[in-house]
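Peer 1: Now for the letters of each chain:
Number of protein chains: 2
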Amino acid sequence: MITGHGDDGYRYDVPIKMNFSSNLTKWIDPTPLVERLRERMPQALGGYPPPQAEGAREALASMLGSKPDEVLITAGATDAIYLVARAFPQRCSYIMQPTFSEYRDACLLANHDVRSMFNFPRNDVLPADAKIVWICTPNNPTGNVLNRYQVQDLIFRHPEVLFVLDLSYNNFTLESVIYPSNIMEYDNVVGIFSLTKRYGIPGLRLGYIVSTPKIIRHLSLRQMPWNCNGLALEAMKCIAEDYDIVPFDVVGCIKETLRLREELISTGILDVWPTQTHFMLCKLRTGNVAALKEYLVWQHGILIRDASNFCGLNDTYFRISTQTPAENDALVEAIKEYSRI
Amino acid sequence: MITGHGDDGYRYDVPIKMNFSSNLTKWIDPTPLVERLRERMPQALGGYPPPQAEGAREALASMLGSKPDEVLITAGATDAIYLVARAFPQRCSYIMQPTFSEYRDACLLANHDVRSMFNFPRNDVLPADAKIVWICTPNNPTGNVLNRYQVQDLIFRHPEVLFVLDLSYNNFTLESVIYPSNIMEYDNVVGIFSLTKRYGIPGLRLGYIVSTPKIIRHLSLRQMPWNCNGLALEAMKCIAEDYDIVPFDVVGCIKETLRLREELISTGILDVWPTQTHFMLCKLRTGNVAALKEYLVWQHGILIRDASNFCGLNDTYFRISTQTPAENDALVEAIKEYSRI
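Here the protein sequences come in this chain order: A and B.
Residue 386, in our numbering, is where the first sequence stops; the numbers in between run on with no holes.
Residue 386, in our numbering, is where the second sequence stops; the numbers in between run on with no holes.
By construction, these hints were calculated from the structure, which means they are not laboratory data.
Mixed in with the good hints there might be a few duds.
Since the list gives no way to pick out one identical chain from another, each pair is judged satisfied if it fits inside one copy or across any two copies.
Unchecked claim - The calculated lysine to aspartate or glutamate pairs, modelled on DMTMM-like cross-linking and capped at a C-alpha distance of 25 Å, are:
#	residue 1	residue 2
1	Lys62	Glu84
2	Lys300	Glu230
3	Lys282	Asp52
4	Lys176	Glu205
5	Lys381	Asp52
6	Lys282	Glu80
7	Lys300	Asp53
8	Lys282	Asp174
9	Lys338	Asp174
10	Lys259	Asp114
11	Lys71	Glu84
12	Lys112	Asp58
13	Lys381	Glu286
So here's chain A without its partners, still in its complex pose (with noise of 0.2 Å):
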């Protein structure tokens, strides 16, 4: 790991009474899965979890209508990330920023060539010496979802490229967004999935990919095994048996996250990007994030994500992530507060 990230309420010594840091909602209550998960604990951990997660696989594969040799299961995205950076190493990538800066830093461990794009490419024409081009979408800080038919038609005319799409956030948005059975339909494409996100687990480590089975065994040949820790894969079974063991209203989310956009927006003192998910990029007007967090922890006992180490934005950019109603308003009474000082 090279940079920061959000959820860093760890490094203060104050109580952190609401989070907007990392990309979690408070619309979404894991406690349903979590109580499942105590009852099976003594066996999930007493033992030594199957070595390439069999069974959760195939749970997985059967949830998602694939065959098992179509999947892998991940310890979260960030371990898929990292995991196909190093199993295609020292290629040229492209990533299309602002975006997470794990596929920049998994790159550079794998000494790929790594370069920035910064838009959609025009007409679908892709630098000529691309190798693998990373796309995050619903994209993460900016809460942006690509047309989907639009990604589709750029995989098509690249064959020569290895796309690998960060659809970790599919589940947070009402945009037409890219499912696993689109991904089966292309020999170019590694899909990364997280459940950690959906599920409200995030401690628990949980992701898989999407390929076809010859990129799945190149991959599969470079993971090491005991990968996933034994609870979640008993989760990744939990969540098979029953997929809405974790209620999550999306519209009710996604509308609030645009209210509460409008409200951001009406404090007069920033920019807010247009979000297609439940979380939003805010640039201050003036002065910088640096003060601004340090005055919310402080003062209110409130975590935002400095977004100021994206690649491309600076110290004026923070991001935040929808939370209860409640907990909405006291941001933005908390921040006009501090436009107010």
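Here the structure of chain A is known, so what remains is to put chain B in place on it, guided by the hints.
Peer 2: Coordinates of chain B only, in the frame set by chain A:
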């Protein structure tokens, strides 16, 4: 992962009643720790763990009497092995064989030039091209513990070589072993430790590395964030708070191991290597282990570890770990029964 492992009961469509196949032992009952983790589960899973195990790392250092920059928490010992191999790629690695297969697999993935050593170097002379030497002590699968002073002398005489010592079974022997504080006396040693095994929670994936601040920093920069799941980090804190939260009668366990060894020898159909830990390597005098393994699983629900895929061993070898006296007796009886068919 390239080769197979024990604890492969998931391969069989029959209940495993007695499991001798991993290096876990019934002499350790993790219940007190599992209960403590159950209480802390909602917090541990519901948020992101600190990206570099902040907090748990300090707790570990404090427990070991070292500084946080001398230790690194990993997702089990295997994660540590792969991290070290990757962090020092393309070296000439000598592995003291026969041993745990993951050193070799991890080195091959990191493009090491991998060589085997089958004996402790005479007069402390290492091959001239050795850049890294991998030693497991107590050794899996032989149960052999190297003389601590002999190992330390070898390290002292070869400051140009990096020694990777896997000390995962340190808690499972009465011999004099190498402690974290011994490792810190050298500039050229990486010590790998497991907490999974001692505390009977292999499903959780928890281990650590001890080395110099310089090497720890080199490794840490190559570790992905959120490497360890939140519950494993909680376990680290529980263990640091109360080292004896899970009691272990090592004297009783080793005594029972020696009794089991004598009983196995008395069957007359196999040889058993001398062991100084809680598992042992057995060799059938006739026939192959695959047949014995199938017989034990299908007739008795007993699982053993086929050790034929360890470097230098063949299809007559298997490994077992000591369980309860009643289970051990059942294993011996079942093997006697097999010898009569």
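Peer 1: If you check each hint against the structure, which ones fail?
Peer 2: Numbers 2, 7, 8, 9 and 13 - these are the hints that the structure violates, sorted from lowest upward.
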